[in-house]
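There are 2 protein chains.
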Amino acid sequence: MSAAGSQFLKAPNSTLDESAPSALAARVRSAVHVIGAGLLGASVGLGLRERGVDVTLEDQSPTTVALAADYGAGRLRTAQDPEPALVVVATPPDVTADVIERALTTYPNAVVTDVASVKLAPYLELLRRGLDLKNYVGSHPMAGRERGGAIMARADLFVARPWVICRDHETPAEALALVEDVALDLGATPLEMTPEEHDRSVGLVSHLPQVISSLLAARLIPASEQAVGLAGAGLRDTTRIASSDPELWVQILGANRAPVVDLLDAFGKDLASFADALRDPEQTGAKRRIADLLSSGNRGVARIPGKHGSSERFTSIMVLIDDTPGQLGRLLTELGELGINMEDLRLEHSPGAQIGFAEIAVLPEVAERAVTDLVERGWRTL
Amino acid sequence: MSAAGSQFLKAPNSTLDESAPSALAARVRSAVHVIGAGLLGASVGLGLRERGVDVTLEDQSPTTVALAADYGAGRLRTAQDPEPALVVVATPPDVTADVIERALTTYPNAVVTDVASVKLAPYLELLRRGLDLKNYVGSHPMAGRERGGAIMARADLFVARPWVICRDHETPAEALALVEDVALDLGATPLEMTPEEHDRSVGLVSHLPQVISSLLAARLIPASEQAVGLAGAGLRDTTRIASSDPELWVQILGANRAPVVDLLDAFGKDLASFADALRDPEQTGAKRRIADLLSSGNRGVARIPGKHGSSERFTSIMVLIDDTPGQLGRLLTELGELGINMEDLRLEHSPGAQIGFAEIAVLPEVAERAVTDLVERGWRTL
Chain A
1061 MSAAGSQFLK
1071 APNSTLDESA
1081 PSALAARVRS
1091 AVHVIGAGLL
1101 GASVGLGLRE
1111 RGVDVTLEDQ
1121 SPTTVALAAD
1131 YGAGRLRTAQ
1141 DPEPALVVVA
1151 TPPDVTADVI
1161 ERALTTYPNA
1171 VVTDVASVKL
1181 APYLELLRRG
1191 LDLKNYVGSH
1201 PMAGRERGGA
1211 IMARADLFVA
1221 RPWVICRDHE
1231 TPAEALALVE
1241 DVALDLGATP
1251 LEMTPEEHDR
1261 SVGLVSHLPQ
1271 VISSLLAARL
1281 IPASEQAVGL
1291 AGAGLRDTTR
1301 IASSDPELWV
1311 QILGANRAPV
1321 VDLLDAFGKD
1331 LASFADALRD
1341 PEQTGAKRRI
1351 ADLLSSGNRG
1361 VARIPGKHGS
1371 SERFTSIMVL
1381 IDDTPGQLGR
1391 LLTELGELGI
1401 NMEDLRLEHS
1411 PGAQIGFAEI
1421 AVLPEVAERA
1431 VTDLVERGWR
1441 TL
Chain B
1061 MSAAGSQFLK
1071 APNSTLDESA
1081 PSALAARVRS
1091 AVHVIGAGLL
1101 GASVGLGLRE
1111 RGVDVTLEDQ
1121 SPTTVALAAD
1131 YGAGRLRTAQ
1141 DPEPALVVVA
1151 TPPDVTADVI
1161 ERALTTYPNA
1171 VVTDVASVKL
1181 APYLELLRRG
1191 LDLKNYVGSH
1201 PMAGRERGGA
1211 IMARADLFVA
1221 RPWVICRDHE
1231 TPAEALALVE
1241 DVALDLGATP
1251 LEMTPEEHDR
1261 SVGLVSHLPQ
1271 VISSLLAARL
1281 IPASEQAVGL
1291 AGAGLRDTTR
1301 IASSDPELWV
1311 QILGANRAPV
1321 VDLLDAFGKD
1331 LASFADALRD
1341 PEQTGAKRRI
1351 ADLLSSGNRG
1361 VARIPGKHGS
1371 SERFTSIMVL
1381 IDDTPGQLGR
1391 LLTELGELGI
1401 NMEDLRLEHS
1411 PGAQIGFAEI
1421 AVLPEVAERA
1431 VTDLVERGWR
1441 TL
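First to last, the sequence lines map onto chains A and B.
Taking the numbering used here, the leading residue of the first sequence gets 1061, the next gets one more, and so forth.
Taking the numbering used here, the leading residue of the second sequence gets 1061, the next gets one more, and so forth.
Just so you know, not all the hints are guaranteed correct.
A pair counts as met if it fits within one copy or between any two copies, since identical chains are not told apart.
As the list claims (entries may be wrong) - Taking lysine to any residue pairs in the SDA-like style, the calculated list, with each CA pair at most 20 Å apart, reads:
id, residue 1, residue 2
1, K1194, R1087
2, K1329, R1339
3, K1347, L1434
4, K1347, M1378
5, K1194, R1137
6, K1194, D1382
7, K1347, G1314
8, K1347, P1153
9, K1194, A1427
10, K1329, Q1387
11, K1329, G1132
12, K1347, V1155
13, K1347, V1088
14, K1347, D1322
15, K1329, R1317
16, K1194, N1401
17, K1194, D1404
18, K1194, A1181
19, K1194, T1123
Calculated from the structure, these hints are not laboratory results.
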């Protein structure tokens, strides 16, 4: 089954067509109220306003909300504004539950959603407080940028991203539809999950890789200059996300402790078993365990969906490129002229070098022709 | 200090200038003999022959050596050939020591080098066998491809890559110079290290990331389709090298057991400490430990040299691109026209989407102008 399978609620938008009618604008007459005017909140505001939806903004910090309003993400609420039909909570994870409670209380007829990256903890906290949650629908757009703040906000931040929606058993269809419309209006692909499924899933595909990458990168601190000088694409790829914002990740990991701790424990067990096998390869089954883990890695990575939600694998072509502006551009333009669609592209550099390689992934059936045609045009392929 | 600092033996070649005189051809009158006609051996042969050096080939498998010879990597040795001045051993790691011993015995006046990715184990094994090692100079070009075999060989496989050379205290200057010349002739950058330094260094920057990436990818095998459907660039980056050849890695890890086991143990300790802090964040110092690890990841990743051997960081620009052939090419051509040099490029896709983002790294001082100019030309930046 492909990732585009049954869990999609509606067909996703594939382009940012601003002229398409906004489902949300048709459904709600009042403004959408966004609480928290950082990267996500301001991006929701910008995106909805582009679709013709009226957006009001609120933030703990008067400076932040003024900045987001100046930026075009929405306007401040006035005493004349009627109760909003929809409230989007986009605050840091550690205050999400408090802000949701306040929104449910202040606007008892509004549907309230949030965009926090962990879904079970705030939900359980709201249940514990005895709140009526029929108007609350948690959600999580799988989008972000390395730096936060309204100034980094973009109307198209959510385009072509999964947007997970966690409905309660009590959630009325209209409330769910409102949150789906937000996702669709912003160009995202709504997916339905339970809070538990969501948290376990992001624990595995996002939180575990973050911790592992940070642990790996941290081991480079005491390394010699000589050692890091031998670094290649493998180390760069595995440690890239280790440059993420520590403050945000402290909150995310704290809010998803149980699944992440389980995943870390399981990872630690696998690691210890592998290290033991390597330490004493003559013990029974040790060599088998080493080979099995490496093969399992092959099979695991093959499960990650590619560009179009499929698991199909592509063929890589390596092309030598000089380090001059426009060389890669010419290469890709020529690929376009040859009618060859590039499925992925990666650049590889070496320390001290003025030359590099472009690794181009193409469908296996066009790979041979691509190489022949490129070589004919004077490119050097590897 | 940059990676282009003191450990460079000579200035590296920055382009593949085949018309430049070959230092090696001037130094040796006889053929260079390559034992092992797989990816690395055949690439050495192809590269040296392009520089006008006579190359003879040998392989355990008659089919393999015939293929490599047909491919242009060299010719078979005949009884009329004089003793070679240089022998390059390019066999799988598990037979490297045996083949080096045989080469030293068969050609007592030749300098013998090897290209195995682990350097201490074969060296100690040769010492243990009581061989005179004045003619042996171990080396390791930091180059490879995901698939092996002579058919994958390329003359320019080593261009702009570090080539580590491990000299013995007894190594005469002429023997060292010969191996340096091989590296330089093939476009690589020779670096000098002890076998211990080399093995610890590649353990850290190559073998540890390989095991960690395989462990991470292996955890995806039991995951739900739903969970892997949420995968983003972070998971893809951290697990990319998990698709490497298991058979080769069994040998590499086996040959570098001690440093890799130490690194895995240290990683496991860091992991357990982090998991404990997250399990019980109220214990003394737990919150501090969580935040410290994430910050250490930031500092560690900043130590990895960038494109030109420096540690300087670039500014990223995200540009929205349609999934049509040539769109990315046009973007990069326009960057070239604008005189903006791209330091790195990464593509990001979403499952189910026909739209993606190009993340372009540029020098911080040109980032603002790049965005302005691109937007002016109709590109959508994030």
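Quick rundown of the hints versus the structure:
1. Taking CA atoms no more than 20 Å apart as the test, K1194 paired with R1087 passes inside one copy only; the shortest distance there is 19 Å, against 83 Å between copies.
2. Taking the shortest alpha-carbon separations for K1329 and R1339, both the intra-copy value of 15 Å and the inter-copy value of 16 Å come in at or below 20 Å.
3. For the homomeric pair K1347 and L1434, neither the shortest alpha-carbon distance inside one copy (43 Å) nor that between copies (54 Å) is at most 20 Å.
4. Taking the shortest Cα distances, K1347 and M1378 never come within 20 Å of each other, neither inside one copy (33 Å) nor across copies (45 Å).
5. For the homomeric pair K1194 and R1137, neither the shortest alpha-carbon distance inside one copy (25 Å) nor that between copies (83 Å) is at most 20 Å.
6. For the identical chains of this complex, K1194 and D1382 are neighbours neither inside a copy (60 Å) nor across copies (39 Å), given an alpha-carbon limit of 20 Å.
7. In the homo-oligomer, the alpha carbons of K1347 and G1314 lie at most 20 Å apart only across protomers (9 Å), although the nearest pairing inside one protomer, at 38 Å, exceeds that limit.
8. For the identical chains of this complex, K1347 and P1153 are inter-copy neighbours only, at 16 Å across copies versus 45 Å inside a copy, given an alpha-carbon limit of 20 Å.
9. In this assembly of identical chains, K1194 and A1427 lie within 20 Å of each other by CA distance neither inside one copy nor across copies; the values are 53 Å within and 47 Å between.
10. With identical chains, the CA atoms of K1329 and Q1387 are never at most 20 Å apart, being 47 Å at best within one copy and 46 Å at best between copies.
11. Taking the shortest alpha-carbon separations for K1329 and G1132, neither the intra-copy value of 50 Å nor the inter-copy value of 48 Å comes in at or below 20 Å.
12. In this assembly of identical chains, K1347 and V1155 lie within 20 Å of each other by CA distance solely across copies; the values are 17 Å between and 49 Å within a copy.
13. For the identical chains of this complex, K1347 and V1088 are neighbours neither inside a copy (63 Å) nor across copies (43 Å), given an alpha-carbon limit of 20 Å.
14. Taking identical chains as interchangeable, the C-alpha atoms of K1347 and D1322 lie at most 20 Å apart only when they sit on different chains, with a minimum of 18 Å there against 27 Å within one chain.
15. In this assembly of identical chains, the alpha carbons of K1329 and R1317 lie at most 20 Å apart whether taken from the same copy (18 Å) or from different copies (19 Å).
16. In this homomeric assembly, K1194 and N1401 never come within 20 Å of each other (Cα to Cα): the closest approach is 47 Å inside a single copy and 53 Å across copies.
17. In the homo-oligomer, the alpha carbons of K1194 and D1404 never lie at most 20 Å apart, since the shortest distance is 43 Å inside one protomer and 48 Å across protomers.
18. Taking identical chains as interchangeable, the C-alpha atoms of K1194 and A1181 lie at most 20 Å apart only when both belong to the same chain, with a minimum of 17 Å there against 66 Å between chains.
19. In this assembly of identical chains, the alpha carbons of K1194 and T1123 never lie at most 20 Å apart, being 33 Å within a copy and 72 Å across copies at closest.
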